[in-house]
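Peer 1: If you want the building blocks of each chain, they are given just below.
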Amino acid sequence: MPELFGTAELDALRLSLEVATRSVVCSLPAAILVAWLLARARFHGRVLFDAFVHLPLVLPPVAVGYVLLVLFGTRGPLGHWLYEHFAVELAFSTDGAALATAVMTFPLMVRAIRISLDNVDRGLEAAARTLGAGALDRFVSITLPLMLPGILAGAVMAFAAGLGEFGAVITFVANIPGRTRTLSLALYTAIQSPAGDALAVRLAIISFTLGLAGLLIAEWLARRVRRWLGR
Amino acid sequence: MLAVSVAKRRGAFELDVAFQAPTPGIVALFGRSGSGKTSVVEILAGLLEPDAGSLRLENLVLFDTAAAYSLPAERRRIGYVFQDARLFPHLSVRGNLRYGQKRAPAAPHIIGFDEVTELLGLAPLLARRPYTLSGGERQRVALGRALLSQPRLLLLDEPLAALDAARRAEVLPYLEALRDRLAIPMVYVSHQFEEVLRLADHVVLLEGGRVVAAGGIHEISLRPELAAIVGPDAVGAVLEGVISEADAARGLARLNFGSSTLLVTAKNARVGARARVQLFASDLILATHPAHGLSVRNSLAGVVRDIREDDSEAQLVSVDIGGASVLARVTRDALESLGLHPGSAVWVLVKAVSMRSHAF
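Chain order of the listed sequences is A and B. Take 1065 as the starting number for the first sequence in our numbering and just add one per residue. Take 331 as the starting number for the second sequence in our numbering and just add one per residue.
FYI, nobody ran anything at the bench for these hints, they're computed from the structure. A hint or two may mislead.
Stated by the list, open to error - Okay, the calculated bits of chain B under chain A, using three or more residues with CB under 8 Å as the criterion: (1) 331-341; (2) 405-414; (3) 425-434; (4) 470-483.
Unchecked claim - According to the in silico footprint, chain B covers these stretches of chain A (three or more CB under 8 Å from chain B): (5) 1180-1191; (6) 1203-1211.
Yeah, the Cβ is synthetic: ideal placement off N, Cα and C, and Gly gets one too.
Could you build all of it, start to finish, from the sequences and the hints given here?
Peer 2: Printed below as a string of structure tokens:
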């Protein structure tokens, strides 16, 4: 009996996990900052900023990928600058796939974190203040731990959604085996090829299992954290 | 000395409060809900910025609009015990207690961890999480947490209001222990006069965002402004004295104040201890001659100082009994038939059992 999964599937799986992990890890601090700005800060253009952050939710993913290509392509203004100064090349690379995934899943993460931030009792922060905690100290010691349910939920959700990101990835970094061919891109390629049915089924099973596991882990984590906070 | 003089507009509510209170000791902010008590403590803590005014504790300026100065709340070192405890849910009781302690400056050191846990009976709770605690336990932890931040002033915003009578009775003795063992000045917000009677030395009466009366507890207990808040049935002079005799078998004690003495019921009175009693105006009987053959245990000689309207059917008579005053609520009819007027000599009859007494 041949091995259950071949290198094509395992490569796609490994790449999907890597891309989703990188996108979540890199965008999480930014998502927390943006959620905080939207929930707490009062500044001009906040409504516009809010809309801008949520744009990937409503734009066609292909359009997002195209904008990334224009900005971060080797000849794009940001892509050129990154290459000149840091020798970082985003177009057609795994890093680029992570960036595209991060942009697409960013609003999901911001939303979840923002809701949990709105639920943080400001009275507890005031209490911390009277106990001598300055602004940053309060955020780290009180606000952040109390936001944890939302941060975890947002991260897991963004991770699960990031595993299957398609349109923005294929537009920005194309479909290169071992570099940018993630699960959904591999699945798409398999469906397109005449003899790819068996491969497509196996990839679909992997995607299905990952998604289910992600949701179960998210639920389990949320319950653990809620119990930890005594809710 | 705690000197407060602040104005703050909050929507339609206008707070304009000025008072000075001696320190250390407990100052009570007393008034109905909505009278501005919580706003005053929030302003003291630095959580609410006044529109104008100044705040001073001893020689330290906390806030002064004239100098455009406001010490941030986190640097004021003013402990705040909230009505709803506000324990940090993600920390254990020990973590909550250590929170302020870790952030307190090394000097001056007021109280240590072991002393706080001992004083407030927190040792068995240290490993527990806030959501497993009862309301009374929560308030004790909140009190301990505030104390360990080594505060120069402690604010207690109705710390017992969310508790039932049994839990209140559980926490009150701890508050008394604090007052008696530590020299931290405290501001105690309450709308229960009984708590004020047990704890406070100085009382500030608030009504509609303004101070309507301020002074020592005896002086305030005679004020008509207090009667307006607590209602006619709860009006009565508060007297403070020293216990000169205690008869544990009969549950009686003799309280000396000024040149008079009172026989009061007291279970655990100790000779030499200070004690307070409140003589309810509606329980006092006035007589123009010394009483004989009555069950009343106390007969105090005094002189009528003034008579004022209480409500439609009664008058409040203030009687000077050698250094202190008491209030008696009597009908107009009784006043007329006894022929009482300011300057009349009277005997005030007080049943030993009809006093709200409290020994320190």
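Peer 1: State for each hint whether it applies.
Peer 2: Against the structure, the hints:
1. 331-341: Since three or more residues must qualify, the claim that chain A covers the region 331-341 of chain B is violated, with 0 doing so at under 8 Å.
2. 405-414: n = 8 at 8 Å, threshold three: holds.
3. 425-434: holds (count 4)
4. 470-483: holds (count 3)
5. 1180-1191: holds (count 5)
6. 1203-1211: It holds: at least three residues are needed, and the region 1203-1211 of chain A offers 4 whose Cβ sits within less than 8 Å of chain B.
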